[in-house]
Amino acid sequence: VRIVLALWLCALSATALADEPSEERIEELRAILDRSPGDADARLRLALALELSARPVEALSELDVFAALHPGDRAADLLRAQVLADLGRDGDAVVILDDRIARGGDIGAYWLRARLRERAGDGQGALEDYDAAIGLGDALELYVARGALLERAARLDEAVLGYEAGLIAHSGAVVLREALARVERRRGRREAAITHLDAIIGAARVAPRWRIERASLLAELGRHEEAQVERRTALAEAERMLVNRASPAALVERARARIALGQHREAIADLELALRRAPQLTEARALLATARSGR
Amino acid sequence: MRSSPRATAQDTNRASETAERESTSTSRSRSFSRSTPSVGPRDAERDRTIGQTGRRGDGEAVRCSAPPALSVPLCLCVSLLRETALASGAVVATIVTLIALDAHAQSVRDPYLQMGTPDGMSIVWRTAASGPSSVCWGEDRASLTNRATGPDGIDHVVRVTGLSPSTTYYYAVSPTCPVAGDADHTFRTSPPTGSRTPFRLWVVGDSGTGGTRQRAVFSAMLEDVGADTPDVFLHMGDIAYDSGTTTEFDANFFDIYESLLMNTPCWPTLGNHEGRNADSLTQTGPYYEAYVLPPDGAAGGMPSGTEAYYSFDYANVHFIVLDSHDSPRTAGGPMLTWLRADLAATDQEWVVAYWHHPPYTDGTHTDVETQLREMRENVNPILEAAGVDVVLAGHSHIYERSYLLHGAYTSTVAAGHIVDMGDGRTSGDGPYRATGDGALYVVAGHGGASVGGDASHPLMYVSEVAQGSCIVDVTGPAMTLHNLRWDGVETDDVTLVRDSTSIVLLSPAGGETYLAGSEVDIVWASSGASGRVRVDFSVDDGATWNVLATDTADDGHHAWRTPRFATARARVRVTDIADEAITGQSLAFTLAAETVITAIPSGSVWAYHDQGVDQGDAWRTSLGGWASGPAELGYGDADEETVLTDFDPNAPTYYFRREVVVDGEVTSARARVLFDDGFVMFVNGTEVSRQNVGGLAFDAFASGSSGDNARYEADIDASVFREGSNVVAVMVKQDSGVSSDLSFDLTLELGVRVEVEETLPDAGVPGDRDGGRDVDSGMVAPGSDAGPPDVEDGGCGCRAAPRGGSPFAIVLCAALALVYRRRAWLLPLALLLSACSAAVPPASASQRAQVRITMYTTSWCPACASARSWLHSRGIPFDDYDVEVEPEAAARHRHLNSSRSVPTIDVEGTVIRGWSAEDLRNAVDRAAHRYR
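Chains as they are written, first to last, in the working numbering: chain E, 7 to 301; chain G, 2 to 933.
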């Protein structure tokens, strides 16, 4: 039996389609289906290739055929739901996912439905799906998405608990630390926010943006001298970044420190230069407005 | 490139307290042991991948519900069995589980390195049966006294910590310590983060076919780098075709790169093929089992919280590794949020980012595809704003290298996006300036899979549809990428220079082999320097430096007569005398006692006589008095560099000659001649080759027509060459009075051998003192803590002596040992010193040349290359059998070494398994003393 299966595995490898250009791949798959319209694998691969080539309508057409021939295939269902969602047909996608989940959900189905439910304004439903997905798999993306949903709903205590659970599961991920610092500040728990920022700063070679954030919190706590030291340290670190790599982003970091230190004219010069070099820096635009207002 | 280990006081202290010290160790919760109930897809993106695996069928999915390690064959089999409809679901599940278990049980991986940092290294291996995870390690190969452990199991991960930066350690997988190490299992810790220590990267993508081209690409790299092997191995994904199963990882990655992986950590990114059986969301599957990557920022950078994307530092470079296949690529998603934070937290000079799907390509894929487009539109703006310098990728099976680019996010046309229209080559338009306003994009998806595509992307300066890999040399403020084709030909190079003020070494750049004692032209380019420079060389990887010129013009050239000293660790550096910080240093190159030199390159300048006058015989041995010009010389084909006189009717004979100065004894010679219609070649008046020529008389025409630009290549008599000046003379003949053309060019390669000194001869230039070393002699001063230039011959704490293995040193060491034995606390020292007596006194070169040595090797093994290089550099002849090519040799190899490891070296009955310079030298010298 093992030999037979090993041969099957070899055969599969040999016949597996190589990593070829999408258009050629699509044509090849269409040719296969012309010869063998019942080749389910080829049809699913064709749908995938079409979706990856930004041709969702054609992909959906193939998936519809596939679904008619092979109802209940989980991979096809999820791809079909995704394609429908890409086409804005969220309702149809949810119907597929509901059915899928009713027959035994998985992370993918829950996660996609959570996002669709969020899009539809069903926050609670989305939250339940995120919880279900996290129950099935400890994924960073799920903690982030669920936390963001809770933040938007101003359910900050739950958001903190969720982020903290994610932090334990995911090696101190900086995205969760930043989220925690943000939420703790919103909750008025400045010391807790500072603790998270300290962890970020401790992991960074340079940390001007987080130092400015920390300085702001210190100032709110009335620890003005410490705040000023932090701002100066931030400026020094930004200078160091610029010495080694004079990037637009480094200019923004220096500008942020300069604004915090009241050096608005210099900050404006940095930001204008950064925007000339990297117009996509929306953050620089916001800071420039701040600097120009003298705040 | 590889600096000599600098033993510090701290090291010494550590060494004295290391007996059986339990190092900090960590064990990784390997994914197969995680209690993950499902590795199912988290969204349609994941399912797209699943779709690619060939899933099909109707009914309930038996979908990867086994532990992740089993998931690969399970998924494949389920798919296949469904298709064939040969078994019921229950039978399928049972059989599939059997197969899956079998596949994993049969997977055995030799130790390989992961997550190298300045103070730590992870050693990873897989065994067929559960066993202890214990690694012994140390700086002294003879006695690995430190131990680090992890939990028992099949998959072993042991983290060795508390190490010194830029230091070489030996290691062995062993349950008890101390134990002796071998020369193969070594690692070198990363340099201090932020330092400008030169280092080398190997960049490979889409290699994992297990085919001959993948092996050729690997061999070409090893051949090219010589002893200066890469410090870091970056893989662009598609590591294990077709679906990233455990079996495919073993066959197409671990087996093929084993010799590199035991010494060099690999930092991979997930490709779509291994993505078919890996899940980034849950970090499960064979890919995530194979690699130990830093989700916690332990190797530099900010904690990503996942192994799917991460960052690390090496010297002055910050590397960012993204997952373009299986992690959300959306602007506000966790990966890109982390990316922003990671970039905001680094002040490294260089930022290199890589992932699988290239933002720009016109190869086997085009950049309109979803992943490629999303990475370009969402990631590139973040990276470029942060001043990323280089972006590497694979996926598209082609080599493509861009101009310096900026801002091509939604549009990929050239207009408005090319920052520098030059070629980026130091030998051409000059390096690109890495100012933070442009990045270099490289597609290195040519590591082994079949290549293709139109190769005409408007943003690419170079596109080549051929397999290969990229070697990147980072030398402080300069970074040079070389594209090395599978056949060993370098087809592209591009350099980025960080500073507005910098010096970049162009030649030697690293990896070259020069004859010891020959003249080498040191070439560099500078920008913003003061105009005066100091030039130094080192024979010990930069541990000590010898001044070649204390103050010379910054004119980009310095002629250097190399010392008659053999080393594979030579370097040169050029430093601005006004600012020591402005300095450029080469990577390591070799000065060899014997090597093949191109004495006359193609296109060389020749003296010629084209006036249709008989020159008799004397012209063959004299020089001067003729006109000269570069080859190709001739007329009538419109491809000549130098056009000769075309008589009507034709003159029958044209004469060419030039001098070749040889710095040693010529041991072999090979000529390649381009000619039309016949030629005769003389060396010092002796004929060595002829084609299409009957008589030598001036008025005799060639004996036949050759056709245009005929080529002839052959070995010629080497004995006609002499040390010093030689005259190479060539007579070229027309085939008739009416032939329309005549052509000549010649390439001459000579194997040359010189006697080298055992110690570095006096450099003969004004020197200074540097770190307690006499820079004139290159010798280590007494009390200094660094090793001599050729560490394999010395050691034993006798470094201050003229030579560790000399009779004097042996006597001295023995006497010291006897004295020290009187005191118990000095016993270890005595033992150490007495070990010197085991060293065999060096034999003479003529004695060594008589020793019969047989090596059993493969073409791809770097240790074999090291052994060859060691023997070549000392002029020691040997027989070399490739056990993968020669069955009879393979049988003898098996007889000598049942483990079949390579190299296996038979020195007149003494069999050395593996490569150890010390063992080989001892064996050779022991045998050599039998001869006069």
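To be clear, the hints were calculated from the coordinates, so they are not data collected in a lab. C-beta: ideal position from N, C-alpha, C; glycine also. Among the hints, erroneous ones may be present.
Stretch-level coverage of chain E by chain G, calculated; a stretch enters the list once three of its residues show a Cβ under 8 Å from a Cβ in chain G [claimed, not checked]:
id: 1; region: 221–233
id: 2; region: 282–293
On the chain G side, residues computed to face chain E include the following (Cβ under 10 Å) [said to hold, decoys possible]:
id: 3; residue: P119
id: 4; residue: G121
id: 5; residue: G302
id: 6; residue: T307
id: 7; residue: D314
id: 8; residue: T338
id: 9; residue: P382
id: 10; residue: V389
id: 11; residue: D618
id: 12; residue: T622
id: 13; residue: S623
id: 14; residue: T748
Ranges of calculated distance between the beta carbons of each label pair, as one might list FRET restraints [unchecked claim]:
id: 15; chain 1: E; residue 1: S42; chain 2: G; residue 2: G708; range: 52 to 58 Å
id: 16; chain 1: G; residue 1: E224; chain 2: E; residue 2: E232; range: 38 to 44 Å
id: 17; chain 1: E; residue 1: S299; chain 2: G; residue 2: S196; range: 38 to 44 Å
How the hints compare with the structure:
For the region 221–233 of chain E, the assignment as covered by chain G is violated, since 0 residues bring a beta-carbon within under 8 Å of that chain's beta-carbons and 3 are needed. Coverage of a stretch by a chain is defined here by at least three residues with a beta carbon nearer than 8 Å to that chain's beta carbons; for the region 282–293 of chain E and chain G the count is 4, and the condition holds. Nearest Cβ of chain E to the Cβ of G:P119: about 13 Å, over the 10 Å cut. The hint is violated. Taken as an interface hint, G:G121 does not check out: its beta carbon lies about 16 Å from the nearest beta carbon of chain E, beyond 10 Å.
Annotation: interface hint on G:G302 holds; nearest CB of chain E at approximately 8 Å, less than 10 Å. At its closest, the beta carbon of G:T307 sits 5 Å from a beta carbon of chain E; the interface hint therefore holds under the 10 Å criterion. A hinted interface residue such as G:D314 counts as satisfied when its beta carbon comes closer than 10 Å to some beta carbon of chain E; here the least separation is about 8 Å, so the hint holds. A cut of 10 Å between beta carbons decides the hint on G:T338: the least distance to chain E is about 5 Å, and the hint holds.
The interface hint given for G:P382 holds, since its Cβ lies 4 Å from the closest Cβ of chain E, which is under the 10 Å cut-off. Here the hint on G:V389 is kept, as its CB sits about 8 Å from the closest CB of chain E, short of 10 Å. A cut of 10 Å between beta carbons decides the hint on G:D618: the least distance to chain E is about 64 Å, and the hint is violated. Checking G:T622 against chain E by beta carbon gives a least distance of about 61 Å; that is not within 10 Å, so the hint is violated.
For the restraint placing G:S623 at the interface with chain E, the shortest Cβ-Cβ distance is roughly 60 Å, beyond the 10 Å limit, so the hint is violated. Taken as an interface hint, G:T748 does not check out: its beta carbon lies about 40 Å from the nearest beta carbon of chain E, beyond 10 Å. Remark: the range hint 52 to 58 Å for E:S42 to G:G708 is upheld by a beta-carbon distance near 53 Å. G:E224 and E:E232 have their C-beta atoms about 59 Å apart, which leaves the hinted 38 to 44 Å range violated.
In this structure, E:S299 and G:S196 meet the distance hint of 38 to 44 Å, their C-beta atoms being roughly 43 Å apart.
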